[in-house]
Each structure stands twice: as C-alpha cells, then as structure tokens.
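S.K.: Sequence:
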Amino acid sequence: MNSTIENSISGYADKNDKKYGHKTVKGYTLFSISRGIYLLTEGGIDMKRLIIALTALLVLAAAGAAFAADVVLTSVGQSPDVMMVRVVLRKMKIDADSEPLLKADALAGRKVLVAVVGGSSKGLGAAGINKDQEVERVSSLLKAAKEQGVKVLVMHIGGEGRRGTLSDAFIEAAAPWGDRIIVVDGGNSDGIFEKLTEGKNVKILVAPNVNGTSAPLGETLSEWGISAK
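The sequence shown maps to residues 1 to 229 in UniProt numbering.
Just so you know, these hints were derived from the structure itself, not from any lab.
It is possible that some hints are incorrect.
Claimed, not checked - Mimicking PhoX-like on lysine-lysine, the simulated pairs with C-alpha atoms at most 20 Å apart in a straight line are:
#, residue 1, residue 2
1, K195, K111
2, K143, K111
3, K143, K200
4, K200, K146
5, K93, K229
6, K91, K131
7, K229, K91
8, K203, K146
9, K131, K103
10, K93, K111
11, K143, K103
12, K111, K203
13, K111, K146
14, K143, K131
What the hints assert, rightly or not - Ranges between beta-carbon positions, derived for each pair:
#, residue 1, residue 2, range
15, A228, G164, 30 to 40 Å
16, N130, E219, 33 to 43 Å
17, S227, A108, 15 to 25 Å
18, G186, M83, 19 to 29 Å
19, N211, S189, 15 to 25 Å
20, D105, V206, 29 to 39 Å
21, E198, A126, 29 to 39 Å
For every residue, glycine included, the Cβ atom is placed at its ideal position computed from N, Cα and C.
Please take these sequences and the hints and turn them into a complete structure.
M.R.: What follows is the structure, encoded as structure tokens:
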C-alpha cells in the first residue's frame, strides 16, 4: 500500500472515529465499525465477507468480556501502588485484572473496581498524561461504574508519604465515588476521607501496612460476592 492510500485511509479514520461508514481509495476499502475498530479490505464492498468479518469481531468482543475478571484494578494518579495491591490480591488468590489507564467503556463484565490512589509525576509522564487528564479519566470511569452497578473500592496504601498536593487532588476525585475505602495508617491523619464521604455512610477501614490490607480486602470482597479461586 503506497503512502497516498495510507494517508487517505488514516485521515478517514481520524475523522470518523465514532461513526459507522466506509471509504474506498484505489482499490482498498476501510470500514469504520465502531470507535477505534476498523476493517481494511482490498477491493470494493463484498457484503458476504463483511458480514463474516463483523460476526467474527462481535464474537471476539463477547469472548473478551466473558473472560474478564470480576475484579479490575486501576491507578488513580499513576503511582506504582496499584501493583502492590495486585500482589496482595494474588497472595489472597483473588483473580483480578490490572488496567492502570482503564476507561469507562472497558467495565463490561466487572463486579468490582478497585481504584488505587496515589499521585506520581513520573508515572503520569510515562503514561503521557497530566494531572487534569487523569482526573477527567478517573471521574468518567467512576461515574460509569456507579451507573453500571459496579462496586467501587477506593484504596490509599502509601501512608503519609503518599500525601501532598498531587495525591490529594486524586483523593478528592476518587473518594466521593467509593462504596468503601481502605487506607493504610498515616494516610488519613487529617480525616480527608471522612470529609469527602460525609453523609454517604461509607465504611473507611484502616490497615497497618500494605500487607495488612489483605484483611479488609478479604472482608470487603467477600461481602460483594468475590471469593478466592
């Protein structure tokens, strides 16, 4: 495929990211199936081939949702804390997926969303986003979780050392959405989590350290119908 065709196809994809449709350029046809999903074929429109391809894509999408773990973790602030929580869950034999940049459209099939809060400038930079973009992602994600009936567990495991202006911005974005909150000792000395959940009857459980979060995690997940494999 030459550069003229590639540029034309690419331009069509950029302009039609959320639309259905097709474009034919010099013998190649690009079908816009859904947001971010395209089917490129050589030649014109062959409806039989198109239907077969669409059916295959739908089957793959359904399979992806079917095999998704009931529990999914995401970072709120892009610190490495989310990886430590995943290690704890593995030790507990709880099956969980980890998606640091999880978005609202990937919640299908989930029962519990664990939002691990902790701001890291380095982590944000590595992800190619800034604080405001992360807050926007998290707010959209947690709102969608509520709307879809997915339980939200907010965790802050960095203690006092993972507090500060950056992390506090992410705490303020996430805590009000939590159905429950787990905090490692020292991370809530100023009562910020109580202030952000006032009047919402949200349990705030305190753990002595990261490994100690296994007890409140087990209690919470068991109440929400999640058990060890």
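S.K.: Looking at the structure, which of the earlier hints fail to hold?
M.R.: 1 and 6
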